[in-house]
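**Student:** What follows is each chain in one-letter form.
2 protein chains.
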Amino acid sequence: MVNYPSGVQPSRAAGSKKNKNVRYGKRGMGLEEMINEANSYYLVNHLAVIHKKPTPITVVHVDYPDRSMAKITEAYYVQPSTTDYNGVVNGRYIDFDAKETKNKTNMPLKNFHQHQITHLKNVLENGGIGFFILAFTNLAEYYLFPAALLIDIWDKSQLGGEKSVPYNLVSKQGIQINSKMIPSLDYLPALKSFFKI
Amino acid sequence: MVNYPSGVQPSRAAGSKKNKNVRYGKRGMGLEEMINEANSYYLVNHLAVIHKKPTPITVVHVDYPDRSMAKITEAYYVQPSTTDYNGVVNGRYIDFDAKETKNKTNMPLKNFHQHQITHLKNVLENGGIGFFILAFTNLAEYYLFPAALLIDIWDKSQLGGEKSVPYNLVSKQGIQINSKMIPSLDYLPALKSFFKI
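Protein sequences appear in the order of chains A and B.
Quick note: the first sequence uses numbering that gives the first Met the number 0, first residue 0, plus one each step.
Quick note: the second sequence uses numbering that gives the first Met the number 0, first residue 0, plus one each step.
It is possible that some hints are incorrect.
Claimed, not checked - Think about it this way: if two alpha-carbon atoms lie no more than 27 Å apart in a straight line, the pair counts; the simulated BS3-like pairs of lysine-lysine are:
| no. | chain 1 | residue 1 | chain 2 | residue 2 |
| --- | --- | --- | --- | --- |
| 1 | B | LYS191 | B | LYS70 |
| 2 | B | LYS191 | A | LYS52 |
| 3 | B | LYS195 | A | LYS120 |
| 4 | A | LYS51 | B | LYS51 |
| 5 | B | LYS51 | A | LYS52 |
| 6 | B | LYS109 | A | LYS70 |
| 7 | A | LYS51 | B | LYS98 |
Stated by the list, open to error - If you want the ones that stay clear, here's a sample from chain A, every Cβ over 10 Å from chain B, calculated:
| no. | residue |
| --- | --- |
| 8 | LEU42 |
| 9 | THR72 |
| 10 | LEU168 |
Just so you know, the hints here were simulated from the structure itself, not pulled from any lab data.
We put the beta carbon where it would ideally sit given N, CA and C, even for glycine.
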């Protein structure tokens, strides 16, 4: 459990350093920053409570340089068992992850991981709402895409099917998230419209 | 943000080492272990999807002893902004924290923190279900107690009211969680009954 797990890339796990170099959107924010901004906006304006989960870390050793401070000196990333985001909208449980690609014609399935798919299957089975936010960064286009469709594509890919989600399918079956000033990635209207909540 | 925050005790943050010495329940499990066991049981048996959130940690430095391993060598605990547990039951969003005391007559409010109260207020405002699991360890009694009542008691305490929740109130206004073999803390029936879901 303490070795570096598959499905957690160093760049992502260590605070999305890689993603910070990918700048897009009118205010130069990365995808995670835009979602965090939207979530803060929804919280302050009483529209929803949605948080990003902390990255799971196993702590092995902690030093206490003084009474009021704990310094972790040995710890390891562990494989998450869920997606990154969940919360409540109008009493309904919602759960999602965000994926981005520079490709203009498809979203590669290598961006997704089995534990995310399994978790979203469980969420759907228990009446929750599951989806992905898919970002085509070089098109500056963002889509809400239902988990049920992605799970179907994933399961077929495991049996030898396509290893990516075509852009045309995303734009047809998903719902585009409009750009706004504040928040810049205002995904809540798309979510409420798509799932009728 | 990197100093040791109030509301995160070393014992808790470093993996509940302190709590591991408090043994109770017929199989000698701590409160957190019992809740995790119940959550695993609910997941496997398709009854609910409820997870404990990872402890939030800010990573400052990571070493890579080899390509497949990331060793965190400097990191700090940060103040959480939510409770420890959330998930979905029959499509409804549920959110809770667990508290324990050795007291037999009351649950001290010092076990609770402002960020947990604020988060649960937000959850309730957005139609979610919020509660606490309160454990009186020396009585071996466990209760589900609604967040709305606890928030009311907390707000009054800030204005000079009582600094604890009387056991009598918990046993009267909460709902007792019955002990079982598997899972030992089967809180889902109490939850579904209390909130009628």
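**Student:** Hint by hint, note whether the structure agrees.
**Tutor:** Each hint tested on the structure:
The straight-line distance between the Cα atoms of LYS191(B) and LYS70(B) is roughly 42 Å, outside the 27 Å bound, and the hint therefore fails. Proposed proximity of LYS191(B) and LYS52(A) is supported: the alpha carbons are some 25 Å apart, at most 27 Å. A distance of roughly 25 Å separates the Cα atoms of LYS195(B) and LYS120(A); the hinted pair therefore holds under the 27 Å criterion. A C-alpha spacing of about 13 Å is found between LYS51(A) and LYS51(B), which places the hinted pair at or below 27 Å, so the restraint holds.
Among the hinted pairs, LYS51(B) with LYS52(A) is consistent with the structure: their alpha-carbon atoms are about 10 Å apart, no more than 27 Å. Distance hint between LYS109(B) and LYS70(A) is fulfilled; the C-alpha atoms sit about 24 Å from each other, no more than 27 Å. Straight-line distance between C-alpha atoms of LYS51(A) and LYS98(B) comes to about 24 Å, which keeps the hinted pair within the 27 Å bound. Residue placement check: LEU42(A) does not keep its beta carbon more than 10 Å from all beta carbons of chain B (closest about 6 Å).
In this structure THR72(A) is not separated from chain B by more than 10 Å, as the shortest Cβ-Cβ distance comes to only about 6 Å. With 10 Å as the threshold on Cβ separation, the claim that LEU168(A) sits away from chain B holds: the shortest Cβ distance comes to roughly 27 Å.
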